[in-house]
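Novice: Sequence:
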Amino acid sequence: MTTTQRTPVHSITSAITLRSVLGADAAVSGINGIVYVAAAAVLDSVLGVSAALLVGLGIFLVVWAAALAYAATRETIAPMAVREIAAINLAWVAGSIAALFLLDLTVIGVVWCIAQAIVVTAFAVLALRMVGE
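The sequence shown lines up with residues 1 to 133 when you count with the UniProt record's numbering.
Simulated from the structure, these hints should not be mistaken for laboratory data.
The beta carbon of each residue, even a glycine, is placed where N, CA and C say it ideally should be.
There could be a bad hint or two in this list.
Said to hold, decoys possible - Just the calculated beta-carbon pair ranges, DEER-fashion:
(1) T73 <-> I31: 17 to 23 Å
(2) A41 <-> E75: 38 to 44 Å
(3) L100 <-> E75: 36 to 42 Å
(4) M80 <-> F60: 19 to 25 Å
(5) T17 <-> I118: 18 to 24 Å
Work the whole structure out from these sequences, hints included.
Specialist: Structural data, given as structure tokens:
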């Protein structure tokens with residue numbers, strides 16, 4: 001009789017790698033940044049965010065995406081770097097919550113703001129779990 005040894009998956013993080021989390025974060029951030037910059041004149045009325053703010057956020061997101069991609073491709077990723085990445089992501093979430101109260105967002109803008117805050121929170125939590133936080 002032969003037996004097959006299996007490694008149980010105890011959590012969602014067992015099936016994903018830190019590199020894939022950072023890579024997905026980089027891709028989502030980069031795409032959003034490019035769209036914010038390229039379509040700011042259209043998105044301002046759709047979201048209720050000024051074109052100038054969208055361009056500024058877009059530029060930040062493109063730079064952030066590059067930093068995330070760089071981190072994701074390192075031979076080793078220091079736990080402190082992961083904590084810093086998570087902290088910046090959580091600062092983005094805090095800014096998103098503030099935007100809900102401070103900006104005159106459209107209904108689509110409110111939904112988008114909440115949706116992207118949830119996604120960014122997920123990236124932060126997954127990254128922290130990868131380093132045992």
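Novice: Determine which of the earlier numbered hints do not hold for this structure and return their numbers in increasing order.
Specialist: none
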